[in-house]
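Enquirer: Chain B: place on chain A using the hints.
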Amino acid sequence: MSDVSDAMKGAVAGTAAKGRDGAPFLVAALSPGRTEERYEDKHPRYTEAEAVTEANRCLYCVDAPCIKACPTEIDIPTFIHKISTGNVRGAARTILTANLLGQSCGQVCPVEVLCAGSCVYNTWDRDPIRIGRLQRYAVETALEKNPALFQKKAPTGKRIACIGAGPASLAVAGWLALEGHRAVIFERKPLPGGLNTLGVAPYKMKADESLGEIEWLLSLGDIELRHGVSVAAEARGPHEIAARSLLEEYDAVFLGLGLGDDSQLNIPGEEGEGVVGAVAFVERLKVDPALAVEGVRRAAVIGGGNTALDVAHELALLGVDVSLIYRRGRAAMTGYAHELDSARVDGARLVEDRAPVEVLREDGRVVGVRLARTEGGRPVAGGEEVLPVDLVAVSIGQSRATQVALAFEGVALDGRGRLLVDEATGRTGNPRVWSGGDCVNGGDLVVTAVADGKRAARSIHAALVDATSPAGA
Amino acid sequence: MADLSIDFAGIKSPNPFWLASAPPANTGDQVMRAFDVGWGGAVWKTLGNPIVNVSSRFWANDYGSTRMMGLNNIELITDRPLDVNLREMREVKRRYPKHTLIASLMVDTKEEWREIIKKVEDVGVDGLELNFGCPHGMCERGMGSAVGAEPKVLQEIAGWAVDCARTPVIIKLTPNVGDIVEPGEAVERSGAHAISLINTVKSIMAVDLDRMVPLPRVGGASTNGGYCGPAVKPIALHMLGELTRHPKVSRLPISGIGGISTWRDAAEFIALGATSVQVCTAVMHYGYRIVEDMLEGLSDYLDSQGMRSIEELRGRAVQNYAHWGDLDLSYRVVADIDPVKCIGCQLCYVACMDGAHQCIHLPGRTEEQSRKAGHTHIPAQVPDIVALGKGAPAGVRVPFVDEEECIGCNLCALVCPVSGCISMKELPSGKPPETWNDRVQRGDDVVPGGLDATAAARAERGRA
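First to last, the sequence lines map onto chains A and B. One point on numbering: in this note's numbering, the residue at position 445 of the first sequence is 445, and numbering is uninterrupted. One gets this note's numbering by counting positions in the second sequence from 1 and adding 1000 to each.
The shape of chain A in the complex, shown without the other chains:
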């Protein structure tokens, strides 16, 4: 499996990590010619007329179910009402106060199973309000006109280190910066954003949109982004920083580590060109102009989760003949039904109850994958068949970033490698270390990571304020 970070290093070389003058320093770091540029936006930003018409459909429910369905509890009826009156700036304020990554969430949230899925119109057999599209309209339109939506508080002198630049860390850094704290984000990859930048299906959101949002977020207050820096138990060079020194230099640490590398199938023929990890492949598709998919005519995607569905859908949209191989039946898939449906509409084929047992190669080149029939998710003898393919994308999960977490004293993991945190605060076993996002929940939504970040930011702020208030006060 190829390492995308190497391919991207050239792309961002020479760019400053900070760009307070408002120039698009992160977006400018992207190279043109990326495969993701070939995708059309499935849900482009509404025009004003579209947004107002849709907003006017909203009933403005009381104690609305859509709010409860949102992990960040955005006051959806209120922001939609504001759109309907032309108060777009107010709408953006309502959204971003509850969710600092409201723009990307509007694009990438599976609203079908969240806010829109709980819209009362569903009860009435009517189309639910297009909440995601309205949210995107409000935030993009308002920030485009005037990005200065919030006023940061006076500096407190407190410093927070955020490890990883994914949605959880970004949310923590943003909220704490607004409270007047200084936040430093450490990211081992050349580009920030985590899966928001590197993993979201490009027909939902492209890397430049994610980076644009991050540029805005970094402008909220005293936030520094240090990329190309890894955290380890001991620093072995200029690109590493020791966990211990972070605890010494910062008042609080947030671990937004995300997940590790793609898991492997461990079958014959897997090693070598033509077999890719799904997450790594999508990362290249999004930001690596060197990725060539022209030679790929037929592909097998292995897995049944949302990443597998995304990869299958993305390949299908590029004109590749895609088979999605899942070891159980459709009902057992963890990927969303609406995502499977739209992937199939765009040409992906679902093969149920089959598992790959060997990748077939000729002169090193992948020519097919041997599939076994499965029962209860496990291969059984008899009825093997060969599916001719040029590419195998493996999407059966990701490893955990356990090493970084364990470098912090007091931080503990559960049996599945997930960080253990306090449910109410996101605090780990180390009272100065908090965590949230995929490394805690094992892999979930962007909006869940933002909600985790919000929870941690509240707790960190409370802890820092407590520490500054005079004893006995």
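Since the hints were derived computationally from the structure, they do not count as laboratory data. Please note that a few of the clues may not be correct.
What the hints assert, rightly or not - No farther apart than 25 Å at their CA atoms in a straight line, the calculated lysine-lysine pairs in the DSS-like style are these:
| # | chain 1 | residue 1 | chain 2 | residue 2 |
| --- | --- | --- | --- | --- |
| 1 | A | K204 | A | K145 |
| 2 | B | K1390 | A | K68 |
| 3 | B | K1341 | B | K1425 |
| 4 | B | K1372 | A | K68 |
| 5 | B | K1248 | B | K1152 |
| 6 | B | K1341 | B | K1390 |
| 7 | A | K68 | A | K152 |
| 8 | B | K1098 | A | K68 |
| 9 | B | K1119 | B | K1093 |
Predicted model only: the values in this text are computed from it and were never measured.
Expert: Same frame as chain A, but now just chain B:
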């Protein structure tokens, strides 16, 4: 099939649907196209000495995504030469002899009235509508609503017309008066043959907040205009009712105008005493074609009611337009929410909490939670939340009504987005019918908790 033809002050019309004097009845070509698709008559755009109109003439009031709930215009009477209009009117009447053609007129002096009436009658119009209603532009010149708002002037000018007219004289009234009965009575005294109402309501539609100019904007300024469209229908119905329940004025046929957009609107005007109806805004919005539904809908409605003609419907609701003091204080309705139709938006709840009497409750709350939310009365019977949600698509989001506290205001039923979900059911109050006027007559029109001065004055009167 019911007979839709009418006799309006002697004018026979194939149906009660007439185009009002406005842009849809501006030219002969327009009127003939309207007649072709079913309109029974047209009141031609007001004739007089031609004027000059401004560019940028209309503005509308939207509600949510509904466009043109109300429309306003600052257009004046016809800006076309009189002889062009007359030639076209003659042509229309020649080609459509059975359709109703009314000339709307607005001039100043007695001589002018005499001249213009002769000219339009010579081309064969079926009647005259004196425009005493236009509330902008013309009234400043002493015409239009300046006449309609002054009963004496109205009576005098109407008298001039009656004296020289050979066809029925209809007086078009302005709603921009304190009491519509006064101009109504003046029409009756003048000897005119009929009334049409309402003309437009004086209005400023909106303000352009960037330029600080009212709308519609004409360069750097605007002016007040005349408001019409669906939003004014209730105002028109009230004024119609005031005249059709008047013992004398009600003898005159009335052509109802004001926001009529559908057959149902038309039926309501006729039920409240109108003989014909005039339509403008709905045509400006959707075109002449809407008359197909109007004709069909009204005809089917009459059939469904077992009525054979417009005349059988006309005025049926007038006797039930009562004074407040004659309403039955013992009558009682309460809200009834159908859990099967409820979608759980809870708009009824918030409307009742903040805008009414706090008698709609959310299920699953403890008494303490209910009191904290603002309820002052806790119903004796709180329905079980599970039982309430059973069979209800919205499940536990279905609110319930505290019938004991419900005063039957209708607000919840009005805000509910699902037609038929909240109905107002009649409850026997157990009391005999009684009106406020009954109480006044008996002398017990006192509600405890009033002013000391009032109580003292009553006591004084009692001693006297």
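Enquirer: Against each hint, give a clear statement of whether it holds in the structure.
Expert: Status of each hint after checking the structure:
1. A:K204 / A:K145: Holds, because 23 Å separates the two Cα atoms, which is no more than 25 Å.
2. B:K1390 / A:K68: Measuring from Cα to Cα gives roughly 22 Å; hence the hint holds.
3. B:K1341 / B:K1425: Cα-Cα ~16 Å, so holds.
4. B:K1372 / A:K68: Within the cut-off at roughly 21 Å; holds.
5. B:K1248 / B:K1152: holds, 18 Å
6. B:K1341 / B:K1390: Within the cut-off at roughly 13 Å; holds.
7. A:K68 / A:K152: violated, 28 Å
8. B:K1098 / A:K68: violated, 65 Å
9. B:K1119 / B:K1093: Holds: K1119 (chain B) and K1093 (chain B) sit about 14 Å apart, inside 25 Å.
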